[in-house]
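In the order they appear, the protein sequences are chains A and B.
The numbering of the first sequence is the numbering used here, which starts it at 36 and goes up by one.
The numbering of the second sequence is the numbering used here, which starts it at 33 and goes up by one.
In case anyone wonders, no lab produced these hints; they're calculated from the structure.
Just so it is clear, CB atoms sit at the ideal spot from N, CA and C, and this is done for glycine as well.
Incorrect hints may have been included.
[Stated by the list, open to error] Short derived list, chain A residues pointing at chain B, Cβ under 10 angstroms:
| no. | residue |
| --- | --- |
| 1 | Gly67 |
| 2 | Ile188 |
| 3 | Gly211 |
| 4 | Ala213 |
| 5 | Val222 |
| 6 | Val226 |
| 7 | Tyr239 |
| 8 | Thr361 |
| 9 | Asp363 |
[Stated by the list, open to error] Cross-link-like lysine to aspartate or glutamate pairs, in silico, DMTMM-like; alpha carbons within 25 angstroms at most:
| no. | chain 1 | residue 1 | chain 2 | residue 2 |
| --- | --- | --- | --- | --- |
| 10 | B | Lys292 | B | Glu226 |
| 11 | B | Lys292 | B | Asp59 |
| 12 | B | Lys348 | B | Glu40 |
| 13 | A | Lys372 | A | Glu65 |
| 14 | A | Lys264 | A | Glu244 |
| 15 | B | Lys348 | B | Asp268 |
| 16 | B | Lys237 | B | Glu226 |
| 17 | B | Lys348 | A | Glu244 |
| 18 | B | Lys237 | B | Glu227 |
| 19 | A | Lys372 | B | Glu40 |
| 20 | A | Lys372 | B | Glu226 |
| 21 | B | Lys292 | A | Glu65 |
[Claimed, not checked] So these bits of chain A aren't anywhere near chain B, every CB distance computed over 10 angstroms:
| no. | residue |
| --- | --- |
| 22 | Arg85 |
| 23 | Gly180 |
| 24 | Arg186 |
| 25 | Pro219 |
| 26 | Ser318 |
| 27 | Arg364 |
| 28 | Leu370 |
| 29 | Ala373 |
So the chains spell out like this:
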Amino acid sequence: MTTQLDTVAPPAARRTAARRLTTRVGRVRELGIVVALALVVIPTAIVNPRFVQPQSLRDLLLNASIVALLAVGQTLVVITRNVDLSVGSVLGLSAFLTAQQFADHPGTPVIAGIGFGIAVGLACGLLNGLLVALGNVPSLVVTLGTLYVFRGIDYALAQGRQVNAANLPDALLDLGSARIVGIPILVLVTVVVIAVAAVYLRSYRSGRELYAIGSNPEAATLAGIPVAKRTLTTFVLSGLVAGLAGALWVARYGTVDAAAGTGLELQVVAAVVVGGVAIFGGSGTVAGATLGALLLGTITSCLVVLQIPAFWQQAISGALLLSAITVDRLLALRLAKALRTTEGTSHA
Amino acid sequence: MRNLLRWETALVFLLIVVALTGQVSTDGSFLSGGNLFYLGLDIGEIALIALPLTLVIVAGEIDLSVASVLGLSSALIGWLWNAGWSLETILPTVIVVGALCGAVNGLLVTRLGLPSLAVTIGTLALYRGLALVVLGDTAVADFPSSYTEFGTTPLPGTNIPYPILLAAVLAVLFGIALHASSFGRSVYAIGANEEGARFSGIRVKRIKLILFVLAGAVAAIAGIVYTFRFSSARADNGVGLELAVVAAVLLGGVSIFGGKGSLFGVLAGVLLLGGLRNLLILQDTSTEVLTIVTGLLLLVSVLAPSITRRVGTLRKAHT
Numbered sequence: 036m037t038t039q040l041d042t043v044a045p046p047a048a049r050r051t052a053a054r055r056l057t058t059r060v061g062r063v064r065e066l067g068i069v070v071a072l073a074l075v076v077i078p079t080a081i082v083n084p085r086f087v088q089p090q091s092l093r094d095l096l097l098n099a100s101i102v103a104l105l106a107v108g109q110t111l112v113v114i115t116r117n118v119d120l121s122v123g124s125v126l127g128l129s130a131f132l133t134a135q136q137f138a139d140h141p142g143t144p145v146i147a148g149i150g151f152g153i154a155v156g157l158a159c160g161l162l163n164g165l166l167v168a169l170g171n172v173p174s175l176v177v178t179l180g181t182l183y184v185f186r187g188i189d190y191a192l193a194q195g196r197q198v199n200a201a202n203l204p205d206a207l208l209d210l211g212s213a214r215i216v217g218i219p220i221l222v223l224v225t226v227v228v229i230a231v232a233a234v235y236l237r238s239y240r241s242g243r244e245l246y247a248i249g250s251n252p253e254a255a256t257l258a259g260i261p262v263a264k265r266t267l268t269t270f271v272l273s274g275l276v277a278g279l280a281g282a283l284w285v286a287r288y289g290t291v292d293a294a295a296g297t298g299l300e301l302q303v304v305a306a307v308v309v310g311g312v313a314i315f316g317g318s319g320t321v322a323g324a325t326l327g328a329l330l331l332g333t334i335t336s337c338l339v340v341l342q343i344p345a346f347w348q349q350a351i352s353g354a355l356l357l358s359a360i361t362v363d364r365l366l367a368l369r370l371a372k373a374l375r376t377t378e379g380t381s382h383a
Numbered sequence: 033m034r035n036l037l038r039w040e041t042a043l044v045f046l047l048i049v050v051a052l053t054g055q056v057s058t059d060g061s062f063l064s065g066g067n068l069f070y071l072g073l074d075i076g077e078i079a080l081i082a083l084p085l086t087l088v089i090v091a092g093e094i095d096l097s098v099a100s101v102l103g104l105s106s107a108l109i110g111w112l113w114n115a116g117w118s119l120e121t122i123l124p125t126v127i128v129v130g131a132l133c134g135a136v137n138g139l140l141v142t143r144l145g146l147p148s149l150a151v152t153i154g155t156l157a158l159y160r161g162l163a164l165v166v167l168g169d170t171a172v173a174d175f176p177s178s179y180t181e182f183g184t185t186p187l188p189g190t191n192i193p194y195p196i197l198l199a200a201v202l203a204v205l206f207g208i209a210l211h212a213s214s215f216g217r218s219v220y221a222i223g224a225n226e227e228g229a230r231f232s233g234i235r236v237k238r239i240k241l242i243l244f245v246l247a248g249a250v251a252a253i254a255g256i257v258y259t260f261r262f263s264s265a266r267a268d269n270g271v272g273l274e275l276a277v278v279a280a281v282l283l284g285g286v287s288i289f290g291g292k293g294s295l296f297g298v299l300a301g302v303l304l305l306g307g308l309r310n311l312l313i314l315q316d317t318s319t320e321v322l323t324i325v326t327g328l329l330l331l332v333s334v335l336a337p338s339i340t341r342r343v344g345t346l347r348k349a350h351t
């Protein structure tokens with residue numbers, strides 16, 4: 036009897052200790068990105084004070100916001116132990132179709148056009164989700180395939196044409212440059228999407244279930260979580276966000292051809308992983324992914340300001356991704372060790 | 033195993049269908065020596081890189097950085113050539129650098145236990161970035177014709193391009209390594225059940241490291257081939273090629289989860305992909321259709337086993 040009681044008590048104590056440790060590590064992780072951001076921004080600002088002027092900060096946020104948007108969708112997918120490599124192609128397809136919609140039907144209301152872009156993204160995401168959830172095929176391969184297919188459709192529809200700002204309604208282009216209390220609307224939209232996703236992941240049952248799926252798919256199934264349905268939802272949401280990003284891309288850049296967003300998927304995955312979302316699922320936050328996107332975008336801007344050849348940008352983001360996953364791994368090993376020690380002490 | 037054989041039969045069947053349709057629809061020029069030479073040139077690098085990548089994927093890992101290693105090796109050739117090195121020293125150096133790139137991947141995966149997908153997405157950016165740092169956006173093209181003709185002329189008296197000869201020799205070596213050696217059995221064992229492999233005394237980490245090093249070295253060789261074929265060393269050579277190679281390997285029936293697949297299937301996959309592309313180009317099909325076809329083939333190749341499996345279980349449930 037006593038032995039039974041003994042084994043019941045320690046796990047609870049252990050769990051709180053473990054939770055405290057996990058939160059601490061999580062905080063250290065996000066703090067690390069903030070420190071990295073400071074390390075990039077402060078020297079650049081000293082060399083060139085114009086870097087921290089409102090206008091260049093606005094440009095910085097605008098440039099980072101597209102990747103940050105895509106990173107939100109990607110976070111949902113990666114948390115469930117999947118990956119969506121097709122986001123760059125979905126963005127491209129949605130951007131071109133939205134722009135063409137505006138060009139062909141000049142009377143289209145801005146909201147309707149953006150809705151159209153979102154619908155395109157949603158359809159792409161639905162296809163990905165169905166293939167992954169029902170076809171039982173690894174998402175890496177499926178989205179690698181649809182990366183080609185969506186981009187191919189994009190090129191086939193565009194046939195070498197591009198839509199210029201002259202063919203787009205002023206209301207849409209204004210959206211790309213308009214500001215509310217000094218903050219660009221596009222950035223505000225991004226912030227709203229991030230906030231909604233963060234609340235969903237944190238406080239909603241189905242949001243928490245995504246973490247359960249990513250931590251252990253079999254256990255999630257046994258616990259009665261509708262794994263296929265949730266997985267499908269994450270891909271639909273990722274596509275939806277990529278569609279929105281495509282429509283905003285049109286508003287921001289004004290000129291769109293079929294190549295919009297090519298190769299963006301790697302930046303997005305890099306941002307998510309740098310932001311502390313584990314590629315094997317089960318952990319990570321939208322806030323972290325956003326910080327990751329912001330860090331990568333800031334580095335790009337800093338290189339420009341410091342007049343370092345842009346050639347360095349790719350090498351740096353690669354090195355950053357590698358160091359981020361290495362640090363994560365080392366932290367995780369430390370955490371595991373620490374947990375073992377707490378376990379030991381609670382038994383003693 | 034039976035499932036696998038069936039998939040390879042299907043691939044060979046598809047190859048014959050493509051060859052016959054090609055032959056009929058182009059009035060016999062598809063299988064002509066001249067066209068086969070170009071087809072061979074076109075798939076040279078993919079065939080080369082697909083060989084070690086097959087082993088990597090069979091072992092349950094992935095290497096997405098291969099095309100960047102190709103680009104880095106091409107950029108290095110140009111840079112060292114500009115610096116006055118002779119090609120006899122440049123080429124071995126470049127292959128060693130490729131092997132080192134692979135070793136970095138392998139060490140991060142095996143020693144730190146990081147997922148190869150994340151590692152090689154990182155090194156994909158890193159190696160391509162280094163290529164850009166080394167050569168910028170310039171191109172180096174003044175290589176002696178005694179070297180570049182390896183990329184543009186066939187073996188004397190035949191229609192076989194040199195890169196295909198190279199790929200064939202390597203294919204035999206890799207085929208023996210994978211299918212007729214204890215090393216190959218270990219690779220399958222690791223892919224099927226890594227823990228089981230470790231407990232049965234297989235040196236999992238060392239073997240994986242070797243596979244990544246091989247992938248890096250062969251990708252560098254593919255970079256040499258690419259550079260001489262276009263007589264142009266550029267940092268952006270082969271951008272995005274990793275997707276085509278992964279598509280070819282998976283189309284060849286290798287399971288992305290590891291433990292299953294054969295080199296023969298992969299070679300058939302490379303040929304099928306290359307043949308289809310070549311046929312579509314002969315028919316003046318636009319490149320965008322090629323992109324769609326590549327993607328669809330990849331989707332079909334992974335969906336087909338999944339669907340047959342499902343049909344199989346349904347049938348079993350009935351009996």
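These are the hints, each one checked on the structure:
The interface hint given for Gly67 of chain A is broken, as the beta carbon of that residue sits about 17 angstroms from the closest beta carbon of chain B, more than 10 angstroms. Because the closest C-beta pair between Ile188 of chain A and chain B is about 6 angstroms apart, less than 10 angstroms, the hint holds. At about 28 angstroms, the closest approach between the beta carbon of Gly211 of chain A and any beta carbon in chain B exceeds 10 angstroms, and the interface hint on this residue is violated. Checking Ala213 of chain A against chain B: minimum C-beta separation of about 34 angstroms lies over 10 angstroms; hint violated.
Look at Val222 of chain A: its Cβ only gets to about 25 angstroms from chain B, farther than 10 angstroms, so that hint breaks. Given hint, Val226 of chain A at the interface with chain B, is violated; its Cβ is 27 angstroms from that chain's nearest Cβ, farther than 10 angstroms. With 10 angstroms as the threshold, the beta carbon of Tyr239 of chain A stays out of range of chain B, its nearest partner Cβ sitting at about 28 angstroms, so the hint is violated. Among the interface hints, the one on Thr361 of chain A holds; its C-beta lies about 6 angstroms from the nearest C-beta in chain B, closer than the 10 angstroms criterion.
A distance limit of 10 angstroms between C-beta atoms decides the matter here; for Asp363 of chain A the minimum to chain B is near 9 angstroms, and the interface restraint holds. Proximity of Lys292 of chain B to Glu226 of chain B is assessed by CA-CA distance (about 13 angstroms); at most 25 angstroms being required, the pair is judged to hold. Under the criterion of a C-alpha separation no larger than 25 angstroms, the hint pairing Lys292 of chain B with Asp59 of chain B is inconsistent with the structure, at around 39 angstroms. Restraint check: the Cα-Cα separation between Lys348 of chain B and Glu40 of chain B comes to about 24 angstroms, which is no more than 25 angstroms; the hinted pair holds.
For the hint pairing Lys372 of chain A with Glu65 of chain A, the CA-to-CA distance comes to about 21 angstroms; that is within 25 angstroms, so the pair holds. Between Lys264 of chain A and Glu244 of chain A the CA atoms are separated by roughly 11 angstroms; this keeps the pair inside 25 angstroms, and the hint holds. Under the criterion of a C-alpha separation no larger than 25 angstroms, the hint pairing Lys348 of chain B with Asp268 of chain B is inconsistent with the structure, at around 51 angstroms. For the given pair, Lys237 of chain B sits about 10 angstroms from Glu226 of chain B by alpha-carbon distance, which is consistent with the 25 angstroms threshold.
A hinted pair counts as satisfied when its Cα atoms are at most 25 angstroms apart, and Lys348 of chain B with Glu244 of chain A does not qualify at roughly 33 angstroms. For the given pair, Lys237 of chain B sits about 11 angstroms from Glu227 of chain B by alpha-carbon distance, which is consistent with the 25 angstroms threshold. Of the supplied pair hints, the one linking Lys372 of chain A and Glu40 of chain B is violated, its CA atoms being roughly 47 angstroms apart against a limit of 25 angstroms. Distance hint between Lys372 of chain A and Glu226 of chain B is fulfilled; the C-alpha atoms sit about 23 angstroms from each other, no more than 25 angstroms.
At roughly 40 angstroms between alpha-carbon atoms, Lys292 of chain B and Glu65 of chain A are farther apart than 25 angstroms, so this suggested pair is violated. Once the 10 angstroms rule is applied to beta carbons, Arg85 of chain A is consistent with being away from chain B; the minimum gap is 26 angstroms. Taking the minimum C-beta to C-beta distance to chain B, about 4 angstroms, the non-interface status of Gly180 of chain A is violated against the 10 angstroms cut. For Arg186 of chain A, the condition that its CB be more than 10 angstroms from all CB atoms of chain B is violated, with the nearest at approximately 6 angstroms.
For Pro219 of chain A, the non-interface assignment is confirmed: its Cβ lies about 28 angstroms from the closest Cβ of chain B, beyond the 10 angstroms cut-off. Residue-level check passed: Ser318 of chain A sits 13 angstroms from the nearest beta carbon of chain B, beyond 10 angstroms. Separation of Arg364 of chain A from chain B is inadequate, the least Cβ-Cβ distance of about 5 angstroms not exceeding the 10 angstroms criterion. Every C-beta of chain B lies more than 10 angstroms from that of Leu370 of chain A, the closest at about 14 angstroms, which supports listing it as non-interface.
Its beta-carbon lying about 18 angstroms from the closest one in chain B, Ala373 of chain A satisfies the requirement of being farther than 10 angstroms from that chain.
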